[in-house]
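Novice: Given chain A, put chain B in place with the hints provided.
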Amino acid sequence: MSDPDDQEEQPQGKTRWRRFALTMGISAMVTAGLVVLTGQGVIAASFSVSGLPFVVTADELQGTGFEQYAVLDQMAPGSPNEGDTGGQLILIVSAIDNAKLTNLCQSINLGGTNLRLTAGNAEHPVTATKLIVDSDLISGDASFTKIDIGQDASTLTRVPGATGGIGIFGQQAEAVSIKHLRQNNYATTASTFNLPGLRMSFSSEGC
Amino acid sequence: MRARRSFRRWRRSRPFWGGLFIVAAAVEIFLTVKAPLPVVLHVGMQGLAGFLVPIIMLLCGLLLWFSPVSRTFYSVLALLMALASWVTSNLGGFLIGLLLGLIGGSLAFAWQPGPPPKPKRVVTEGG
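Keeping their order, the protein sequence lines are chains A and B. Sequential numbering from 265 applies to the first sequence in our numbering. Sequential numbering from 694 applies to the second sequence in our numbering.
Next comes chain B alone, as it looks inside the complex:
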């Protein structure tokens, strides 16, 4: 019960759902590009980009959770990476990962923290 409550508190103090969608998008895209590494190295830069884009998205999703202060940067980067995945990574994981990434990035970008905690019992409304 206490664990659930503290998880909820943790969840609500950061763009949790945005991060989750971005992580899901990154995993989906990554699964579609899992080519054998030697083949990827043969293809060269562009094959590598196919890998790098979902990895950067995964990092963005995780950092939105663990460093929510810089959420604007991470959410915009995640949005750009999701769009770039269309070109680099199997048409954005056959479009599914791209859309998940856009939803996640937009959610995180639109998230705002609540007002800072008010000192207890000194609350006076007015002005």
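The following block holds chain A by itself, in its conformation from the complex:
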């Protein structure tokens, strides 16, 4: 209203704030419902994270269908995470067809603070299908059943759809169990992730 010469030429829109509050209220309630249902493990979410290094720990991982092979990963040119690596990283790709994790903790360092995500206990573990993880460090106490070590990465079969480059060292196993798992990851994808007992928080400590 302060500018008399443009209101005559163009209709001035306005926001109906009560309608905004109503819409926002309804959609916020639906969101709260989604969060609760995910926390109860009813809804499975799908994940794909890459670019940021992040840490994953779990008390125990049990998986059926396991593959592992190496890839050379190239960072985006000029990435601040390059350090003295020249932008190249050798990463271990681990693929698990069906995984169960107890006491999963995942943290992403955002510089100063960490986004921390925890889920799953012994009774209601986190379950994931087609979990594919790129990491530069994996530690834990692992045991495998029916493991084939030194198989060409392009011929791996335990996780349908996931194979490495030809001529690259790979291994696969029918089942895997890792206790006290700790991974430094660069990328994770999972087609479904059930996260019972989900908690997201910002905290000064990682996992």
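The set of hints was computed from the structure by calculation and includes no laboratory data. Beta carbons are placed, not taken as given, at the ideal position from N, Cα and C, and that holds for glycine. There's no promise every hint is true.
[What the hints assert, rightly or not] Derived DEER-like restraints, expressed as beta-carbon distance ranges:
hint	chain 1	residue 1	chain 2	residue 2	range
1	A	Ala296	B	Ser763	25 to 35 angstroms
2	B	Val769	A	Ala406	46 to 56 angstroms
3	A	Gly297	B	Ile748	22 to 32 angstroms
4	B	Ser763	A	Ser467	40 to 50 angstroms
[Said to hold, decoys possible] Rough simulated footprint, nothing fancy, chain A against chain B, three-plus residues with beta-carbon under 8 angstroms:
hint	region
5	770-783
6	790-802
[As the list claims (entries may be wrong)] Computed list of chain A residues with no C-beta within reach of chain B, every gap over 12 angstroms:
hint	residue
7	Asn362
8	Asn367
9	Gly376
10	His388
11	Thr391
12	Ile402
13	Ser407
14	Thr409
15	Lys410
16	Ile432
17	Gln435
Specialist: Here is chain B on its own, set in the frame of chain A:
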């Protein structure tokens, strides 16, 4: 000065802020899901959905600006996509993009155009 004024006129004749919030939400969600394409294709349909949802949100935001006549459709679609991103795209870009999308969608849904321009100097109040 004239450019600023015409930008303001453009801004006020459409759900500008709603669209802007939706575009910001789409970009934030998209940045969290930028996995290497071969990996996405391995994961299959659900990995693809993780990409598609923020792309549809981006289109909704832009179309709210450039085709504000259909704002109801685009704002409701943007709201639904923001909610769907919880399941498909890293918990809605770790919740941030989801909330931005809800704010933007609600703003655009609540926006209404002003009365059509009245012919100059023939304005008579009454009735």
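Novice: Would you mind marking each hint as holding or not holding in the structure?
Specialist: To see whether the hints hold, each was checked on the structure:
Between alanine 296 of chain A and serine 763 of chain B the C-beta distance comes to about 29 angstroms, which sits within the given range of 25 to 35 angstroms. For the pair valine 769 of chain B and alanine 406 of chain A, the beta carbons lie near 49 angstroms from each other, so the given range of 46 to 56 angstroms is met. For the pair glycine 297 of chain A and isoleucine 748 of chain B, the beta carbons lie near 25 angstroms from each other, so the given range of 22 to 32 angstroms is met. Look at serine 763 of chain B against serine 467 of chain A: about 44 angstroms separates their beta carbons, and that is inside 40 to 50 angstroms.
Against chain A, the region 770-783 of chain B contributes 8 residues with a C-beta closer than 8 angstroms to a partner C-beta. That satisfies the three-residue criterion, and the hint holds. As drawn, the region 790-802 of chain B meets chain A at 8 residues by the rule of a beta-carbon pair under 8 angstroms; at three or more, the given contact holds. The claim that asparagine 362 of chain A is not at the interface with chain B holds, since no C-beta of that chain comes within 12 angstroms of its own (minimum 14 angstroms). Taking the minimum C-beta to C-beta distance to chain B, about 19 angstroms, the non-interface status of asparagine 367 of chain A holds against the 12 angstroms cut.
Once the 12 angstroms rule is applied to beta carbons, glycine 376 of chain A is consistent with being away from chain B; the minimum gap is 16 angstroms. No beta-carbon of chain B comes within 12 angstroms of the beta-carbon of histidine 388 of chain A; the shortest separation is about 18 angstroms. Interface exclusion of threonine 391 of chain A from chain B stands, the closest Cβ pair being 15 angstroms apart, more than 12 angstroms. At the 12 angstroms boundary, the C-beta of isoleucine 402 of chain A stays outside the reach of chain B, the nearest C-beta of that chain being 18 angstroms off.
Every Cβ of chain B is farther than 12 angstroms from the Cβ of serine 407 of chain A; the closest lies at roughly 26 angstroms, confirming the non-interface assignment. Non-interface call for threonine 409 of chain A relative to chain B: holds, since the shortest CB-CB distance, roughly 24 angstroms, exceeds 12 angstroms. Even its closest Cβ contact with chain B, about 23 angstroms, leaves lysine 410 of chain A beyond 12 angstroms, as expected for a residue assigned away from the interface. Every CB of chain B lies more than 12 angstroms from the CB of isoleucine 432 of chain A, the least distance being 15 angstroms, so the non-interface label holds.
No beta-carbon of chain B is positioned within 12 angstroms of the beta-carbon of glutamine 435 of chain A; the least distance is around 18 angstroms.
Every hint from the earlier list agrees with this structure, and none is contradicted.
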